[in-house]
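> For reference, the chains in residue letters:
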Amino acid sequence: MRVVIAEDNVLLREGLVLLLTSAGHEVVAVAGTGPETLPALLEHRPDAAVLDVRMPPNFRDEGLRAALEARKEIPGLPVLVLSQYVEESYATELLGGGSSGVGYLLKDRVGRVDEFLDALERVASGGTALDPEVVTELLTRRKDSPLDSLTPREREVLELMAEGHDNATIAKTLVVTERSVHKHIGNVFLKLGLPPTDSGHRRVLAVLAHLTHAPRA
Amino acid sequence: MRSTAAHMRLGFNDVYVHHGGVRHISEGTGSTPTRSGTAGGTGLWTSVRRAASATAHLAVSAAMAFGMWIFVTVLEITAIGVVTVVGIWLLPETVLIIRRIAGAKRSLTTRWTGVRIPEAYRPITGTMRQRITTAVRDPGTLMDLRWMVAYWFYGALLALALPLWPVGLVVDGVWGGLLRRTPVVLPLIVKIADLEADWSTALLKPSPKAQLAARVEELAATRADAISAHGAELRRIERDLHDGAQANLVALSMRIGLAKRAYDRDPETARKLLDEAQAQAETALTELRQVVRGIHPPILSDRGLVGAVRALAASSGLRVSVEDDGLEEGVRAPAAVETAAYFVVAEALTNVAKYSGVSRAEVRLVRFRRGLRIRVRDEGRGGADEKGGSGLLGMRRRVAALDGFMEVSSPVGGPTVIEAELPCVW
Chain W
369 MRVVIAEDNV LLREGLVLLL TSAGHEVVAV AGTGPETLPA LLEHRPDAAV LDVRMPPNFR
429 DEGLRAALEA RKEIPGLPVL VLSQYVEESY ATELLGGGSS GVGYLLKDRV GRVDEFLDAL
489 ERVASGGTAL DPEVVTELLT RRKDSPLDSL TPREREVLEL MAEGHDNATI AKTLVVTERS
549 VHKHIGNVFL KLGLPPTDSG HRRVLAVLAH LTHAPRA
Chain G
189 MRSTAAHMRL GFNDVYVHHG GVRHISEGTG STPTRSGTAG GTGLWTSVRR AASATAHLAV
249 SAAMAFGMWI FVTVLEITAI GVVTVVGIWL LPETVLIIRR IAGAKRSLTT RWTGVRIPEA
309 YRPITGTMRQ RITTAVRDPG TLMDLRWMVA YWFYGALLAL ALPLWPVGLV VDGVWGGLLR
369 RTPVVLPLIV KIADLEADWS TALLKPSPKA QLAARVEELA ATRADAISAH GAELRRIERD
429 LHDGAQANLV ALSMRIGLAK RAYDRDPETA RKLLDEAQAQ AETALTELRQ VVRGIHPPIL
489 SDRGLVGAVR ALAASSGLRV SVEDDGLEEG VRAPAAVETA AYFVVAEALT NVAKYSGVSR
549 AEVRLVRFRR GLRIRVRDEG RGGADEKGGS GLLGMRRRVA ALDGFMEVSS PVGGPTVIEA
609 ELPCVW
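The listed protein sequences correspond, in order, to chains W and G. Its first residue numbered 369, the first sequence is counted upward by one per residue in the numbering used here. Its first residue numbered 189, the second sequence is counted upward by one per residue in the numbering used here.
Hint data in this document are derived by calculation from the structure and do not stem from the laboratory. Treat the hints with care, since some could be wrong.
[To be verified] With a straight-line Cα cutoff of 27 Å, these simulated BS3-like cross-link-like pairs (lysine-lysine) come out: (1) Lys540/W / Lys460/G; (2) Lys475/W / Lys540/W; (3) Lys551/W / Lys540/W; (4) Lys575/G / Lys542/G; (5) Lys460/G / Lys475/W.
The structure presented is a predicted model; accordingly, all values stated were derived computationally and were not measured.
Sequences and hints are given; from them, build the entire structure.
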């Protein structure tokens with residue numbers, strides 16, 4: 369697929385280009401600063417964009433803003449945002465700016481090449497990829513919520529679901545059958561009071577919407 | 189007003205505490221007494237009540253003056269003792285007692301007027317010789333003595349007020365009670381108490397020079413604190429990096445070395461070592477991230493103080509309303525001030541979540557001409573104790589290091605209000 373990369377650190381940028389091309393993707397443009405990013409995205413309309421949050425000139429949240437801007441212009445443009453640290457509010461902003469094709473990962477995750485490529489593909493195909501750290505933050509900050517009634521296993525399933533994984537991957541990660549994953553998901557939805565939805569990213573979004581907007585205890 | 193009390197108490201002893209001494213917080217810090225003589229309302233009953241509290245004030249003042257008359261006798265004995273050299277050892281102690289009395293009078297006057305009278309003494313410490321020198325040379329000593337002499341006379345103003353009562357009750361009873369006119373005699377008692385308080389304020393206020401000297405002393409102390417805090421912080425960072433990231437990187441390099449050796453003869457082991465190496469690299473990164481967060485929260489750079497505090501509020505697990513005044517986009521306080529403000533809010537919200545028993549809090553950030561004011565308030569169970577290890581002490585240090593000051597009001601039963609002011613130039 370065609371990818372646009374925005375990353376100011378040369379080493380990381382070259383690393384990403386190498387990684388993506390060796391995986392058979394085509395890097396159509398690279399941007400090194402905030403102002404370059406948005407035009408590159410709008411011009412190339414890539415299948416996916418990999419964006420660093422903090423870039424010149426101000427080293428603030430240029431990448432994130434570019435991602436949000438671009439998705440306003442091209443709804444559903446798949447963006448995978450990379451950051452040196454995770455910030456829950458950034459995830460909320462990204463998810464709030466449109467429904468599908470959003471990823472938010474720690475830069476560290478690039479090291480796990482297969483998982484990173486998998487996340488990118490998931491985002492490109494309209495799914496979600498959230499960093500486990502973000503999910504942990506989303507899940508741990510609430511008191512007295514229905515989350516407390518989940519069993520540890522159900523919680524694990526919910527975490528993996530929120531990260532954006534499908535049933536097969538969840539089953540593989542937890543070393544259980546897909547059938548039991550299905551059953552756990554049913555329980556989670558029941559306990560959280562969410563309407564049952566079919567598989568795919570719609571249910572991920574339902575879960576995330578619940579986590580980011582649910583009233584806090 | 190608990191912290192005020194603590195301040196006063198410290199002020200009596202030799203520890204020099206000046207925070208909040210000169211500056212006055214008027215909002216939300218509890219019961220600031222209003223000057224009775226200037227409050228509205230003209231009914232007879234009000235007049236009687238006010239006159240009564242004025243009399244009470246004067247009575248306490250008179251009692252104090254009486255105590256002082258006795259004390260001054262002791263003082264004279266000391267003075268004579270000093271002349272005969274024997275009593276010179278008593279001098280610093282005597283000055284300390286005088287300070288204590290003046291301090292008591294200051295808080296008594298403050299209770300009547302609601303206006304704090306700053307205190308500026310040089311600490312009496314060191315060898316006996318130094319203590320004696322300070323006790324004699326401190327301009328505060330002379331001032332206190334001046335006040336004592338004056339108080340010798342005006343301390344008995346109660347004598348003026350008491351005879352006014354029978355007259356007042358009769359005159360104002362007819363005038364105010366029956367004819368519904370404004371009482372005239374009873375308010376005079378209030379006037380006398382006001383006069384007494386005004387004189388005390390004027391006499392007990394340190395000279396500008398003494399205040400300046402105290403300010404220099406305070407700045408020197410906070411500066412030394414700031415430097416040592418800075419040093420401790422650097423050591424902590426060094427240790428964190430050394431024990432954490434650096435150790436992990438060494439182990440990582442070692443594993444890669446071992447993997448290289450095993451690469452040809454035992455690919456399976458090599459793969460396992462590389463897996464471990466990667467996990468190690470990730471641990472190192474996580475630790476680095478934590479160190480960075482501790483030095484300067486990254487979101488402050490990205491979003492500024494208000495944005496960072498909003499993010500903090502969103503992730504606190506509480507319902508937090510964040511208000512800001514004058515901190516619009518583009519206006520930034522110095523980084524050190526923003527960082528301190530951020531940590532104060534973070535710590536305060538952590539306390540709300542841990543101890544208050546409620547899930548709501550209010551955060552207010554106000555920019556004013558000479559600094560930034562932070563206020564965190566909750567309607568929880570209150571009773572926050574600085575000795576309880578609730579992080580209040582750390583907050584106070586952070587704020588003091590920037591020459592700011594902090595006040596905590598947390599009566600049992602709530603609400604808890606933490607207010608900090610950080611001076612800065614905008």
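> Against the structure shown, which of the earlier numbered hints fail to hold, in ascending order?
none
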